[in-house]
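**Student:** Between the sequences and the hints, there should be enough to build the whole structure, so can you do that?
Sequences listed follow chains R and G, in order.
Under the working numbering, residues 1 to 313 are what the first sequence spells out, in order.
Under the working numbering, residues 1001 to 1252 are what the second sequence spells out, in order.
Check before you lean on any hint, since a few could be wrong.
As a list, the in silico DSSO-like pairs of lysine-lysine whose alpha-carbon atoms are at most 27 Å apart [claimed, not checked]: (1) R/K106 <-> R/K64; (2) G/K1129 <-> R/K222; (3) G/K1129 <-> R/K187; (4) R/K222 <-> G/K1008; (5) G/K1227 <-> R/K106; (6) R/K233 <-> G/K1191; (7) R/K211 <-> G/K1002; (8) G/K1129 <-> R/K233; (9) R/K237 <-> G/K1002; (10) G/K1161 <-> G/K1191; (11) G/K1161 <-> R/K222; (12) R/K187 <-> R/K233; (13) R/K110 <-> G/K1071; (14) R/K233 <-> R/K222; (15) R/K48 <-> R/K3; (16) R/K64 <-> G/K1071; (17) G/K1128 <-> R/K187.
Just so you know, the hints here were simulated from the structure itself, not pulled from any lab data.
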Amino acid sequence: MAKLYSREALEEILRAYREWEENILPQWLSRMPERQEEFTTLSGIPVKRLYTPADLKDYDYMEKLGVPGAYPFTRGIHATMYRARLWTMRMFSGYGGPEETNERLKMLIKAGETGLSLAFDNPTLVGVDPDDPLAEGAVGVVGVSVPTLVDMEILFRDINLGEVTTNMTINPPAPVLLSFYVAVAEKQGVSYDRIGGTTQNDPLKEFIGQKTHVFPPEAAVKVAMDVIEWSVKNLPKWNPISISGYHIREAGATAVQELAFTLADGIEYVRQLIARGLDVDEFAPRLSFFFDSHINFFEEIAKFRAARRMWAR
Amino acid sequence: MKEWFGAKKPRSLWLRFHVQTAGCSLYPQQPWLNIVRTALEALAAVLGGCQSLHTNAFDEPFRVPSEFAAKIALRTQQIIAYETGVADVIDPLAGSYFVEWLTDEMEERAWRYIERIESLGGMLEAVKKGYPQREVEEAAYRFQREVEEGRRFIVGVNIFKEEDVEEVRRVPLLEFNQEEVERRQKERVRKVRSMRDEARWRRALDELRGAAERGDNIMPYVLNAVKAYATIGEIMGVLKDVYGTYVEPPYY
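**Tutor:** Here you go:
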């Protein structure tokens, strides 16, 4: 037990707070009414005008926070956080064909980005070739077109896959794009244990938010779990899934829904993988997540911190 | 992970996450303001302890980013990392009465949703029943109404509007010849099809079909097909044959 405040301290703070509410605040409010009757976060959580230790009255520091790099990880997953290594600056990019995007990737690396991230065009996202009638007018528009291994080789011309990590925002065709990437790495002579990056490969959020699904839910989950199982056994540095709240949020969810649905998706995947006979400690370290950061500042920070603690529990 | 699934390794308990600033918070009106929004959202991600971050470019309401806009977005992260000092102390907002209260509040509200999803049989079942889809649609509608009724403020959109669209016309958008790209991509995919070893390609796709039908892990077979120069459309075509496709039912 590591209660932050003693009963005596809380009583004194509460006394002062009530006195402020009764004796000081009313005069101010009558002279200067507040801008709104109610203030709420973007999720609709009402926020008071002032918070004090009385709002954290039975707060147990060790139970809720602890230290960075230790359970429940509220303060961060690494003991050193950004003092040792900054976050990866990973710019989502892609347009046109592999030639155009190869140029863009090289420009961003030169400008100091520290991780690569590919945006694919709509035909690639749903897994159709550029000469499919469905692709008409959409090739290379919202991202890069990568229909074959040859395109993937051009995309990574002069980029050593053993020296970069690459995120691929790809879902139903994730097994195909991952295979392209692995095949290019092999051609470059990069061994499997040096191939690093992420496939988004999160089917459930497709149905909730992104809507670039192809297969029915059961089959979609099965394919995604195939990718995870294979990667865990073959690519020790690959993140085979990025359990994504981003698209759920962008579809109009609140921060609370984003948090809850993302973790619920994660829980489902853990169950699916355990049901395949995998040991939780074998695959859990390879699961990664992806959140949105919206404009309601403190709510977003609280969301990230709560997410870490909830997942660890 | 610890209590429900009995994970033992500390790494199994880590929630490692990437963040992207909110595309839906960017607007075409007075587009330069998007640089400021993105900077604030990126700052929240860093104060929240992300492992990886993408910052949106200010011209994204119009098109994929120009080189100029992409560079500003990247430089925004570099300013946060190297100039502001926010990366020098771990979790600097911990202990804020408000932030800790709000962290607890978010957690409590999220658990309530998770319990509801559990009661539906987990997320796969909940998705099949359309539960999260309905929740998100309702929230989106609520937000839209709040903006329209002026209860949520968006600078340049429903407050501090400017009629002049001159500055929008001055945004230097990415220019590239899409038709040329499409022609080149079509040509290449046809060339790949004509140059590959037909027998090897055929065998790889047949083996993939067999694996999918048996319910085996398809990854080794997809990798084999890719190496035989099967295209994305051909591989996905085989999988669609076996698994079927999904048409979203109406939820209302």
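**Student:** Given the hinted pair G/K1129 and R/K233, is their alpha-carbon gap at most 27 Å?
**Tutor:** 33 Å, violated
**Student:** Could you grab the alpha-carbon distance between R/K222 and G/K1008 and see if it respects the 27 Å cut-off?
**Tutor:** 26 Å, holds
**Student:** Does R/K110 pair with G/K1071 here, judged by a C-alpha cut-off of 27 Å?
**Tutor:** With a Cα-Cα distance of about 11 Å, the restraint between R/K110 and G/K1071 holds, given a limit of 27 Å.
**Student:** Starting from R/K233, check that the Cα of G/K1191 is at most 27 Å away, please.
**Tutor:** 35 Å, violated
**Student:** Hint check: R/K233 vs R/K222, CA-CA at most 27 Å. Holds or violated?
**Tutor:** Answer holds: R/K233 to R/K222 is near 17 Å, not above 27 Å.
**Student:** Between G/K1129 and R/K187, does the CA-CA distance stay at or below 27 Å?
**Tutor:** Violated, because 45 Å separates the two Cα atoms, which is more than 27 Å.
**Student:** CA of R/K48 to CA of R/K3, is that 27 Å or under?
**Tutor:** 23 Å, holds
**Student:** Take a quick look at whether G/K1128 and R/K187 sit within 27 Å of each other, Cα to Cα.
**Tutor:** Judged against 27 Å, a Cα distance of about 41 Å means the pair is violated.
**Student:** Would the pair G/K1227 and R/K106 pass a check requiring their Cα atoms to be no farther apart than 27 Å?
**Tutor:** Distance ~26 Å between G/K1227 and R/K106 Cα, so the pair holds.
**Student:** Would the pair G/K1129 and R/K222 pass a check requiring their Cα atoms to be no farther apart than 27 Å?
**Tutor:** 18 Å, holds
**Student:** Take the C-alpha atoms of R/K237 and G/K1002, compute the straight-line distance between them, and say whether it is at most 27 Å.
**Tutor:** With a Cα-Cα distance of about 23 Å, the restraint between R/K237 and G/K1002 holds, given a limit of 27 Å.
**Student:** Check whether the Cα positions of R/K106 and R/K64 lie no farther apart than 27 Å.
**Tutor:** Answer violated: R/K106 to R/K64 is near 43 Å, above 27 Å.
Comparing the model with each earlier hint shows violations of hints 1, 3, 6, 7, 8, 10, 11, 16 and 17; every other hint is respected.
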